[in-house]
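Engineer: In case you want the letters, here they are:
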Amino acid sequence: MSSENSTLVKLNNAGFKQNDKWLVEGVSLTVKKGKIVTLIGPNGSGKSTTAKIALGIYKNIEGSVEKYTNKVGYVPQKISIDWTLPLRVYDFMLLTENIKDEAIDEALTLTGVIHLKNKNLGNLSGGEFQRVLIARAISKKPELLVLDEPVQGVDYTGEIALYELIKRISDTLNCGILLISHDLHTVMTATDHVVCLNGHVCCSGSPMDVAKNNEYKTLFGEQASQILSVYEHKHDHVHSDKGEIKKN
Amino acid sequence: MFDDFFIRALIAGLGIALVTGPLGCFVVWRRLSYFGDTLAHSALLGVTLAYSFELNIALSVFIISSLIALILIQLQKKTNLPGDALLGLLAHSSLAVGLVVIGFLTFIRFDIMGLLFGDILAVTTDDLLIIWTGGAVILLVLKLIWKPLFASTVNYELAEAEGLNPDRAKAIFTILMAAVIAISIKMVGLLLITGMLIIPAAMARNISDSPQKMVLFSIIGGLLSVLLGLFSSLEFNTSSGPSIIMASLILFILSLLNIKQSIKLKN
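Chains A and B, in that order, are what the protein sequence lines are. In this text, residue positions in the first sequence follow our numbering: the first is 1, and each later residue adds one. In this text, residue positions in the second sequence follow our numbering: the first is 249, and each later residue adds one.
Rather than coming from a laboratory, the hints here were simulated on the basis of the structure. Don't take each hint at face value.
[What the hints assert, rightly or not] When the alpha-carbon atoms are kept at most 20 Å apart in a straight line, the in silico PhoX-like pairs for lysine-lysine are as follows:
#1 B:391 / B:461
#2 A:71 / A:167
#3 B:326 / B:418
#4 A:119 / A:141
#5 B:326 / A:59
#6 B:395 / A:140
#7 B:461 / A:117
#8 A:71 / A:32
#9 A:59 / A:100
#10 B:461 / A:71
#11 A:119 / B:461
#12 B:395 / A:100
#13 B:325 / A:17
#14 A:117 / A:33
#15 A:17 / B:326
#16 A:140 / A:33
#17 A:59 / B:325
#18 B:418 / A:59
#19 A:141 / B:391
Remember, it's a predicted structure, so these values are computed and weren't measured experimentally.
One chain only, chain A, in its complex shape:
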């Protein structure tokens, strides 16, 4: 039963209703250790809602959630922090858990924002703040990482580097990742399982299975399907910040 033991969170036919309107319904999915599950779908299709159901933020849900870990790192899509609080990046890193200084420095270095450690959180740019959010989530060495549009506002090269970082973290920490992204290019290369949402589960499976699915094609268009097939080839190199080619 090792496959059962490696399950971190499992949604069974889960849904959430707000003001008599279903935000999402009938979602079943499982995130296991070392696997990346990606949610895709148009705006308002219930991706963030599904993540919040998985995290237990929404309480009165339909169906059920089984969560097998308490070591969770979360990067929310929208975060409204009251800037009347005097809060440095360092204080924010310690928000939900007391983490050793070395672990904080390591995480901030990985996401490229170590120089901001003692800056006030309110003075960061959108992209810098996003990098801090990711650093905070990974510094806890979580078993389950929930990333809701984690690279929004990050510059293009940074975006690729961060996705590679996320993939590497999933491998080294052997943690499960529930990822939400609108960026089909980047996502599909690293994902083990894709769930396509549109108020309900349209289709799900490996990236290739989803790409061939007719419902997916009607939702994202024929072009999106071709994007995915482009990624059927394996990448053998990556680009550094300066555009140099590095072999994998």
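Assemble chain B onto chain A, guided by the hints.
Structural biologist: For chain B alone, coordinates are given in the frame of chain A:
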């Protein structure tokens, strides 16, 4: 050197400032100043009940304030009225009920000014015991719930997602608010307790760049306000509450000067 009553007032005031410092920071961060006012206004009802049934004032105020907090939570769930309307409703109706009850208690001589604005002469040795033990318990509980309370003050969903149980921390904090009002009512008076919570914390915000520093400066500001306020209260024969609050206001204004200077230096 000083009369006994003044020594008692000093010990009481310093004990109160130690507790209102950190709690006041949360009141500022969580925008709870009007909530504090509501609890303080309801305290009058608690005081009248204490006189009617010969209960301990702090205990009676604590019970009534907690009750009002619970009623508020229930009303928030059951009505669509905005929070500030509900707070106003509870604050003024409990104040009114308290005043009406006082009207009936003709057999007891009331020092209403003392209740509203604090009275250093009223502090007894028993009060000192209540303030210091009560204060110690409040600080201990606050330390225990600090992590979830602070995390959910920054962002509720992060705290909830990462398993910190912010709802429980919020409920406990509400009770702590009732408790701090209960122990400081005699000294500061029910109209001015919220000032004691907010002004030192606001002063501290002006000169802090981290939450820990803000708590520390808020405590120091509170202690200084009590010292300055009580000595001037003795010197000029003014009520203790307004004197302490005025002292904290002066500190606040000084902290503003500090900001202006640092802005000038930067430019």
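Engineer: Are any of the numbered hints broken by this structure? If so, which, sorted upward?
Structural biologist: Violated: hints 4, 9, 10, 14 and 19.
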